[in-house]
Each structure stands twice: as structure tokens, then as C-alpha cells.
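Each protein sequence line maps, in turn, to chains A, B, C and D.
By our numbering, the letter at position 49 of the first sequence is numbered 382, and the numbering carries on one by one without gaps.
By our numbering, the letter at position 144 of the second sequence is numbered 477, and the numbering carries on one by one without gaps.
By our numbering, the letter at position 13 of the third sequence is numbered 346, and the numbering carries on one by one without gaps.
By our numbering, the letter at position 118 of the fourth sequence is numbered 451, and the numbering carries on one by one without gaps.
Rather than coming from a laboratory, the hints here were simulated on the basis of the structure.
Yeah, the Cβ is synthetic: ideal placement off N, Cα and C, and Gly gets one too.
Hints are supplied without guarantee of correctness; some may be wrong.
Unchecked claim - Each pair of labels, with its calculated beta carbon distance range:
id, chain 1, residue 1, chain 2, residue 2, range
1, D, Gly418, A, Lys447, 56 to 62 Å
2, C, Ile343, D, Ser502, 41 to 47 Å
3, C, Ser502, D, Gly418, 29 to 35 Å
4, D, Ala522, A, Pro349, 51 to 57 Å
5, B, Ile501, A, Pro338, 33 to 39 Å
6, B, Ile501, C, Glu401, 23 to 29 Å
7, B, Asp339, A, Pro338, 52 to 58 Å
8, C, Asp420, A, Ile501, 52 to 58 Å
9, A, Gln411, D, Pro400, 51 to 57 Å
There are 4 protein chains.
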Amino acid sequence: MDITPDNEFIKNSNVPGPTKEEVRCLVMCKSQVSKADVVVDVGCGTGGLTLEFAKRAKKVYAIDKNPEALKTTFKNLQKHGLDDGVDLIEADGTEVLDNLPPFDVLMVGGSGGKMDYLLKRGYKKLKSGGRIVVTSILLETPSEATMVMKDLGMEVDVVGVSISKGKISARGTMMVARNPITIVSAKKALKN
Amino acid sequence: MDITPDNEFIKNSNVPGPTKEEVRCLVMCKSQVSKADVVVDVGCGTGGLTLEFAKRAKKVYAIDKNPEALKTTFKNLQKHGLDDGVDLIEADGTEVLDNLPPFDVLMVGGSGGKMDYLLKRGYKKLKSGGRIVVTSILLETPSEATMVMKDLGMEVDVVGVSISKGKISARGTMMVARNPITIVSAKKALKN
Amino acid sequence: MDITPDNEFIKNSNVPGPTKEEVRCLVMCKSQVSKADVVVDVGCGTGGLTLEFAKRAKKVYAIDKNPEALKTTFKNLQKHGLDDGVDLIEADGTEVLDNLPPFDVLMVGGSGGKMDYLLKRGYKKLKSGGRIVVTSILLETPSEATMVMKDLGMEVDVVGVSISKGKISARGTMMVARNPITIVSAKKALKN
Amino acid sequence: MDITPDNEFIKNSNVPGPTKEEVRCLVMCKSQVSKADVVVDVGCGTGGLTLEFAKRAKKVYAIDKNPEALKTTFKNLQKHGLDDGVDLIEADGTEVLDNLPPFDVLMVGGSGGKMDYLLKRGYKKLKSGGRIVVTSILLETPSEATMVMKDLGMEVDVVGVSISKGKISARGTMMVARNPITIVSAKKALKN
Ligand SMILES: Nc1ncnc2c1ncn2[C@@H]1O[C@H](CSCC[C@H](N)C(=O)O)[C@@H](O)[C@H]1O
Ligand SMILES: Nc1ncnc2c1ncn2[C@@H]1O[C@H](CSCC[C@H](N)C(=O)O)[C@@H](O)[C@H]1O
Ligand SMILES: Nc1ncnc2c1ncn2[C@@H]1O[C@H](CSCC[C@H](N)C(=O)O)[C@@H](O)[C@H]1O
Ligand SMILES: Nc1ncnc2c1ncn2[C@@H]1O[C@H](CSCC[C@H](N)C(=O)O)[C@@H](O)[C@H]1O
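Assemble the whole structure, with the sequences as input and the hints as a guide.
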């Protein structure tokens, strides 16, 4: 299970991300991504999650409404030799989900206040057995995402994650906090 | 990245574990385990980590001084069809490391006050490029493990992890805390 | 600054609380309670916060819709000689706020899905310079309380609190997590 | 319970602190400081804790080995009209504890690797019924402080504190983490 270190990402001051290493690791587990999967990453930002999905999936659609996010994501994919198999789409996620082929994983890293629409629309295109994963640093987003997923009849997994990292110096190991993140995820029932 | 749900483990009231799902996920990332690896899991307990390693490594040596831990670990491996490729060894980790073949990952989930000895001894048998991972719920263990790894000349990664899980009811989503865990890890330099 | 230890409270299995020691301490600070204050504690539960307010305020109105909560709160006040100056009111908070005299602190420890109504009604009876404090273990409540307070034109302080407590044994100090709590508070502007 | 807001402190880039509002609040509770108390604050830094003790105690001795810390502490006390009743001492805490009168509270906010000596020396001068409080952002300090207090026969309270603060914007409430702090405290037994 190889996760790219945080400091190997090219950053852009106008683009949020990359999602920190430990959270990328947890998102990979929650998404249950595997080699046969088609993944849609709405709000790809710096490409932190896109890159991890690119290592593990068959196909990734990375979407962002900010053109600089797509440039940065592309640079990071290219730097790590992972741009093959990733389509970069400059658009609002709400406008483009309908035109994509059915997918196995819907990742939402940014919604711009359109969570309800994104999740409901995405759910329709999600294959049965597929997973939705939402990450957020906002207080409001996790409860909204949870509510929508419950409305869709899904069994929701909500995980609050607080990570601190040791900064080692002569004085000792100072524990530096990362901002808390909430990961909300759910699986679409298998048809029977 | 498939992590076995917490509730799929057989438990034994005399054996700690399994390490919770999210922490197992993070340990898999920190260990960088892959199909070519030999893993030693000192203090296998319920087999939570052993089972995840068994899915991803070539060979796992699971060690515990408590015979009930080995029985429980075996039951869990068997339940998930993963007992092939795992050797179960009833012993104190300090007494058995020397007799094992060189390994790629040393996992320490329990040390019984012998961290210094375990890590120094383990380091000798660790292949170059190999990883050591220590998890602990104790206040004292992370600083001890960090100190020993620093003494061994390793660059140490210390991560404090606080996870809470949503319990969904009619009233809302109650966030239930898991005990905080510290993961200390390091990589043995590649020979040049 | 004297905070009553958690284990000195009489508990009742049908009543939540008491709010843990460290959170009671933080609520006292956020409420800025002082000897001249009238405090309303909606959802007094076991009386954890009521008792701390009773030590520091002029007058406390403790409200709960559960009669067992009021009995438990009374027992705890009596045990600590603090029942003078506390009025216990069995009612839904929404039905009784209007009949109370103006107050300096509105504490909401339980709302039963009526946060919006409670805060808006409470705000009217809150003296200028008065404080509202909401504590919650739910994912949904903090964002709702924040939204209502913002709508009321208040400057809102949101604090996520994760506490772990050391359990000392021969093996070391095991850090045991308390469930995370969010404290949302705000001050009503002084008239000018 | 009035705690000075973080942004009311004068800062100095060469001096750590002030201890954040919520942690100052908790330290006041753990120290059980009251109007009759003599407090010694070793490692006063910016004066964050000194100032809170100055509001609540009879006398505070604020000690720091860094002359800039004492200047900054003095400025903050003066700004808030609290410099009366505080003695500022430029010294290593280990060199000056012996010359102070007996005290009720020993606060250690910085030890410079001399925790063992500071606590043992301080314990001797601590009145019976007095409290020791240690705060730290380091991984190593809490376990060392716990060990020394246990050796001194004290019953130790260890509290891990992770605080995040909401930053409210048009997009929502972003939760920003403060670095985790551990508070170790204990009370000296009353003579009988
Ligand atoms: N409705 C929407 N459609 C497409 N992109 C959106 C969106 N709302 C927000 N975004 C984008 O979501 C991103 C969130 S930041 C995501 C960071 C990313 N997970 C990483 O690891 O690098 C921003 O770049 C923002 O432009
Ligand atoms: N020196 C030592 N050698 C071998 N086992 C040890 C040991 N010290 C402690 N242990 C074992 O370490 C275990 C820690 S509990 C480990 C839980 C495990 N990671 C899981 O996920 O299930 C206990 O079973 C204990 O018996
Ligand atoms: N609308 C409402 N009016 C009055 N009480 C309410 C209410 N909604 C919930 N409650 C009460 O709120 C309480 C929440 S538990 C509060 C615990 C308390 N702070 C302590 O420290 O002990 C419960 O007892 C519940 O009965
Ligand atoms: N042995 C020692 N004696 C005196 N001061 C010390 C010391 N070791 C460290 N310090 C001081 O401890 C301080 C720690 S920072 C303390 C911040 C303070 N509690 C606040 O709220 O502002 C530093 O200023 C450092 O100079």
C-alpha cells in the first residue's frame, strides 16, 4: 500500500490540497478502490486523491471548476507517471456527471454548496455495489452529506479524523496538528 | 484497498484487539507492505493486523506470548481464508526474532516493556529498505519507540491518530470516540 | 476555579450526563458566568452544568422535560449543598422560556430537535451582553446552532473538543478517549 | 470565569505562547487556584498563564530564563492592569525554586529538559494540599512528568486535549486545529 508523501506534490497557492497522506490512505480504504474500478473525483484540486486513485483504478475522471486545479493535478500525475488513464474535465461537477459512463466510486472533495445535487445525481450513475466518499474540513458538510446519503437509503459510515504529526528536534518531538477532517462514505446496495 | 470490517473479527475477552479498521488501514500504508514482503507481527493479539498483512504480503510470522492470542488469530485467519502463508509462534518476541529469516516489515503491536530490545534486535534482522511500525495506546510507548529508532539512526515518522465514528439514530449522528493511537514508523536506509 | 470531579455525581441510567469535568470547565469559561448572573440551563440532565452554574451565578433555572432528570439534578445539588438559588422546572424548554425573567446566560445542553426555536426565543429574553452556550455530541447540532446564531447577527465561537484521560496501571498510562464535544457560543451585543 | 481572549495578548516572535484560551481555562481548573494561593509559574513565556493566575491568586512568581519572555509577560500584565502581585524572575527555574516561599501551585510551562529536578525540588516547597500542573506540546514530556509525579507518590491526572476552532466564512465553518496539548497534574496529600 504505497501512498505518495505530502512533500512530493507540486502545489499552487490558488488551489487547495493535496489532502494529507494519512487522509488519502483512509480514503483509499473507504473507497475500496480496485483495479477494475472507474472513479469520478469531483473537486480534484491539487490531485492528491486523483493520484492515489490513478495508481489503483482502471480509469479516473478528475473534475474541477477551477482551471488551475486541473493544471496542478495534471502536473502531479505527470511527475509520478500516472497521467495515463486519467481524464481531466474542467466543469462544475453537477453539469458533467450525467455525461459520464457508470462508475464504481464517486469521490467528492469539493462541492461548492451543491452536495445534495451532486450526491443524488451521482447516485444514479453509481453502479450497484459502488461507493461514495465525501471528505470535508467544514462543520456543515458532513451532516449534509450524511443526510443526503440516508435519504438515498444508504447505510452511512461517518468518521472524524484528527491527525497530529511529530516534528522532531533537539528539544523533543513536537506534535503538530492537522486540521480535523470528516470522511462520510456509503455503498450502493447490490441488486438482487 | 480492502480492509476487513471490525465486526467480522472473532473476539476473545482475554486478548486485546482487533486494532480498529481505520488504524489497520493506516498501518498498512505506513508499512508499505507489498506482495514480495516478509512481515513479522510481534504481539499479534486478535490478529487484526496479521490478517491485513496476510492479504498483502508473501509471508507473515505472527508472534504472541499469550497462547489464547494465537488461537484467536488463527480463528480469524481461517474464517477469512488467510491462514496459508502465516506462521503462528507462541513466544516472547525478544526470544524469537533472532531465529527468523530476514524480514521487510517489523510490526510491534505489543512489547511488554521490552521495546528497546525488540527494536534493536529487530533492526538487525530487518532488510535494508525495510520498515518498522509500532502502534500504541500508551502514553509512554511512543516516546520510547521514537527514541530507540532515532538512536538506530532512522528518520522517524510519528503520527497521533484520533478517530471518532458516527452512530446514526433518529436523534442524529452521535460521534463516538475511539481511544487515541500513536503510530511510530521508520524505514531502514537502503545500502549504497 | 473549583470543578466538581466526575465521580462525585449521583447518576441515573435513564438520564444523560454529567457533562465531563473538562467540558464543564470550558463551558464555565465560555459562559463568562459571574455572581450577578441569572442562568437558564435547558436540558439539565444529571445536573452537571447546573451545579457548576449554581456555584458561580446568582440564580439558575434548570429545565428538563424528563422528570427523572430533575430528580437527579436535585439530588446532585443537594449533595453538594447547592440547591438554594436553583429553580427546577419540568417542561419543554420551548414552552417555558417566555415566562422566565430576562437572563444573562442561556445554556442549551439538550434541544430535542428544537434548537432553532429555543435559540431564537431565548435570544429575545437574553439581556444585552448576555451569552448563549450550546454543547453537543451530535454531528448535526453544532452546524444548526451556528447557523441560527449567525442569523441572529451574533459573532459565533465554535470549539471542537477532544479529551482523553490517562488510566494509570503497571503497564503504563493508557489514554482513554472521551467522546468529542462541540461547544458553540456567542454574546448578545451590548446596546449603545 | 473570565478568560482573556487570545488576540488581546502582545506577542514576541522570540517567545512561545500565549497558551491558547481553552487550555488556559483548563489549567485554571486543574490548578484549583483561588484567592489565597501563592503560584509559581516556571517558563512564563508570553505570560498567558501568568495573567490568568494573576487574576485569581494572591501572589504569582513568574520565572523564565529568557529575558524577552519576562519583558513580554510584563507588557501583558501591564496592559491588563495585573502587574501588581506578580514578581518576575529571570532565572532557570531549577536555580530559584529553593529561594521562594512555600507555594500552593507549581505551574511548569517549560522545563528545558530539567523536569525531574524541577518537579522534585518544587514538590518539597509545595504546601500540603498544593497542586502541580505541567503542560506540554512535546511527546516526551507528559510521560516524564507522569513518571516523576508517580515516584513522588502523587495520584496523577493526565489529560490529552485537542481543540479545533471554527473559522466562519461564506463557504461554511472551517475547523482549524490547535496543536494537541497534554496537561499532567497532581495534588500533594494533605498532612494528617
Ligand atoms: N461543484 C464543483 N464542481 C467541481 N469542482 C468543485 C466544485 N466545488 C468545489 N470544487 C473544487 O473542489 C476542490 C476542493 S479541494 C480538493 C483537494 C483534493 N482532494 C486534493 O487532494 O488535492 C477545489 O479545487 C474546488 O475548485
Ligand atoms: N514481548 C512480547 N512478545 C510477544 N507478544 C507480546 C509481547 N508483549 C506483549 N505481547 C502481546 O501483544 C499483544 C498486544 S494486543 C495487539 C492487538 C493486535 N494488533 C490486533 O490487531 O489484534 C497482546 O496479545 C500481548 O500478549
Ligand atoms: N426541548 C427540551 N426541553 C427540555 N429538555 C430537553 C429538551 N430536549 C432535550 N432535553 C433534555 O436535555 C438533556 C440532555 S443531557 C444534558 C446533560 C447535562 N448537561 C449534564 O451535565 O448533566 C436530557 O435530559 C433531555 O431530557
Ligand atoms: N528550566 C527553565 N527555567 C525557566 N524557564 C524555562 C526553563 N525551560 C524553559 N523555560 C521557558 O519556558 C517557556 C515555555 S513557553 C510557555 C508559554 C506560557 N505558558 C504562556 O502561556 O505564555 C519559554 O519561554 C522558555 O524560555
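Verification of the hints:
1. Roughly 57 Å separates the CB atoms of Gly418 (chain D) and Lys447 (chain A), a value that falls within the hinted 56 to 62 Å.
2. At about 44 Å, the beta-carbon gap between Ile343 (chain C) and Ser502 (chain D) stays in the expected band of 41 to 47 Å.
3. At about 42 Å, the beta-carbon gap between Ser502 (chain C) and Gly418 (chain D) misses the expected band of 29 to 35 Å.
4. Ala522 (chain D) and Pro349 (chain A) have their C-beta atoms about 53 Å apart, which keeps the hinted 51 to 57 Å range intact.
5. For Ile501 (chain B) paired with Pro338 (chain A), a C-beta distance near 35 Å keeps the hint of 33 to 39 Å intact.
6. Distance hint check for Ile501 (chain B) and Glu401 (chain C): the Cβ-Cβ separation is about 26 Å, which falls inside the suggested range of 23 to 29 Å.
7. Against the hinted window of 52 to 58 Å, the Cβ-Cβ separation of Asp339 (chain B) and Pro338 (chain A) comes to about 28 Å, which falls outside the hint.
8. Between Asp420 (chain C) and Ile501 (chain A) the CB atoms are about 56 Å apart, so this pair conforms to the stated range of 52 to 58 Å.
9. For Gln411 (chain A) and Pro400 (chain D), the Cβ-Cβ distance of about 53 Å falls inside the hinted range of 51 to 57 Å, so the restraint holds.
Consistency note: the structure conflicts with the earlier hints numbered 3 and 7.
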